[in-house]
Amino acid sequence: MLKVDNLSCQRSNDLVFKNLSFEVSKGANTEIIGSNGSGKTSLLKCILGLIEKNQGKISWKQKPIEETRTFFLKSCFYQGHQLALKNNFTVVENLRFSHSIFNSNEEKIISSLKEVDLFEYRERASSDLSMGQLKRLAIAKWLLDEHELYLIDEPFASLDQEGTLLVSSIIKKLNSKGCSFLFTSHTSSNIDSREILLDNYS
Amino acid sequence: MINLIKKWLISLGSPPLFFKWASKILPWFFPISILILLTGLIWGIGFAPTDYKQGDVYRIIFIHVPSAILGQSIYLMMAIFGFICLIWRAKLAGMFLRSAAPIGASFTLIALVSGAVWGKPTWGTWWVWDARLTSTLILFFLYAGIISLYSSIDNKQKGDRAASLISVVGVIIIPIIKKSVDWWQTLHQPSTFTITSAPSMTPDMYLPLLICVIGFYSILFSILLNTLRAEILIRERNTSWVRQFLNNQIKE
Amino acid sequence: MNEKNTLFNWFKLVLKRDLVLSFKKIATFMVPLVFFLIVITLFPLALGTEGSFLSTLSSGVIWVAALLASLLAVESIFNEDYRDGTLDQFLISGEPTFILVLAKVLAHWLVTGAPLLLASLISTFFLYLPEGLLFPLLISLLMGTFLLSLLGALGGALTIGKTAILSAVIVLPLSVPILILGVAVITSALNGQDFFSYLYFLGAMLAIGIPGLCLATTEAIFINYD
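As you go down the protein sequences, you meet chains A, B and C in turn. Terminal number for the first sequence in this note's numbering: 202, no gaps in between. Terminal number for the second sequence in this note's numbering: 252, no gaps in between. Terminal number for the third sequence in this note's numbering: 226, no gaps in between.
Some hints here could point you the wrong way.
[Unchecked claim] In the BS3-like style, the derived pairs of lysine-lysine whose C-alpha atoms are separated by at most 27 Å in a straight line are: (1) LYS12/C to LYS158/B; (2) LYS26/A to LYS57/A; (3) LYS162/C to LYS108/A; (4) LYS162/C to LYS91/B; (5) LYS177/A to LYS18/A.
[Unchecked claim] Ranges of calculated distance between the beta carbons of each label pair, as one might list FRET restraints: (6) LYS74/A to ASN238/B: 56 to 66 Å; (7) ASP182/B to THR41/C: 30 to 40 Å; (8) GLU120/A to PHE8/C: 51 to 61 Å; (9) LYS108/A to PRO16/B: 55 to 65 Å.
Because the hints were derived from the structure by calculation, they are not lab data. Ideal Cβ placement from N, Cα and C applies to all residues, glycine included.
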């Protein structure tokens, strides 16, 4: 589905990664593993077009990504290092105003809140939530609308064991609906996925 | 012919070729520009006739006018190169912007200071809120804004493009600024001071002035070439041609 | 039809989100307002309280204070969204960034510019604005503050991730014509001249500035991103 071919990326004068090739197929997971500063986030941003690539090709459904950018962006979901949550919004409002909400309704918001165990907190201000709860709120956004491709930066960071299990089960559930995940982490996770090691420009 | 020009332009746009070209030109161009400037200044300050109204004070015109002209035309150049930088992402255009902005700011400052020095004996004050002075002051602030913008952005290419954008926007707004400053003057200034129109000039006054302007331009050109060379070396320090060049320099 | 509809929806969504957010965070519209009133108060403190003197200065002082208040309040346009990752989400939503900018400028104006109009109404009493100048003052501020919001958005986009004062330094020289024209409206009204010609000029600047500056702002956002 998503094919990355020979991708290189440069920031200022330093190469972040070089000649990277991989493929993400429908319903499958790909995990990018690398230490801090190995360019995991840059890779995701590069695919999304938030950072310019230097070389290489990215194609989406056999078409170069430049031609299908809008279409591609509409069918993928990105969660960066920052969770794009507003402290001043309540939990529900954060979901309501997350940009991808066009096709979402209140029922879906409620059901996804229930799924991540935040339903009791729905009217609380997000600033009252703990880091783990915020992370779960961000995960609730995955469920608002099904996307073909999820690009998630460090889904397992700052989650307890319970949270990790929750993420794994949600990923599995979305996999079964045909959604693919491309996510980053610094250690190998327990999720059934293809692993790509990103280290020293390889 | 067109192909030749095209080739030439493309070669100018590539940093290593430009570097070579600039290194070839500078050694003889720099002395010439100094020579033109000195000719103009010595003629103007030493030999041009005294103005019958203002006396010898008017001789500051030989520094004031050229630097004011340069201050404005550098901004225009920056906007043109900024446009090129934005549209074609030409690296060299961005470097041009970065090297030109401080020079433009300095010339504008020279124009302002020399204007003040000229104003003290002729109008009795250092500063007059005249339309032309005010727009020059605003021009100086524009330069200052551009310099503070690109120096606050760590990524050089981003800095170049941000500075390009603001100079392009600025050049569109500058005519409006000038026009509005004119209106402001007619509204607020009951004519306490009027700028005495530049002393009526005889050929032996404006010829040295013309040479001064040409001299200033050629000095600007030399300074630009030199700072651009430095900028290219800094930016391309990781490339093989710069390493080779530096090795050769060390050997010599 | 459908296409148009979604564009408008996108505009509405961004606008509504920004407005709700600033109502949640009172500081967003409180701070520029209070800043404006404090600056207004500083002038009589510095220059003395003689009525006729203050009243000649009043329109200019109000305009300068409005200019500063509106240009220093650019933090809320892009910077906050940039910091918590929302701007990333906006940019990869596949929706046009131009519309985003337009909506954000309008939201910024509604949150800072419009309250400033009300505050300037109060400050006319503090500064003894001459009679009959209220309408020219308000109408010139109405158009001027929108132009300032446009310029502020450009400055904010150029300085994403940096301080508001930097953006003010960049944008303030460009805002000179707005200030001059705004004050010219009031001065010519005071002199009994026809002030509509200046208003027309402000209007022309708005007509060019809305598409032009929004386009420049869009470009500025992209510069900061790739």
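Outcome of the hint check:
no., hint, result
1, LYS12/C to LYS158/B, "violated, 31 Å"
2, LYS26/A to LYS57/A, "holds, 19 Å"
3, LYS162/C to LYS108/A, "violated, 38 Å"
4, LYS162/C to LYS91/B, "holds, 24 Å"
5, LYS177/A to LYS18/A, "violated, 33 Å"
6, LYS74/A to ASN238/B: 56 to 66 Å, "violated, 39 Å"
7, ASP182/B to THR41/C: 30 to 40 Å, "holds, 33 Å"
8, GLU120/A to PHE8/C: 51 to 61 Å, "violated, 36 Å"
9, LYS108/A to PRO16/B: 55 to 65 Å, "holds, 58 Å"
When the structure is compared with the earlier hints, violations turn up for hints 1, 3, 5, 6 and 8 and for no others.
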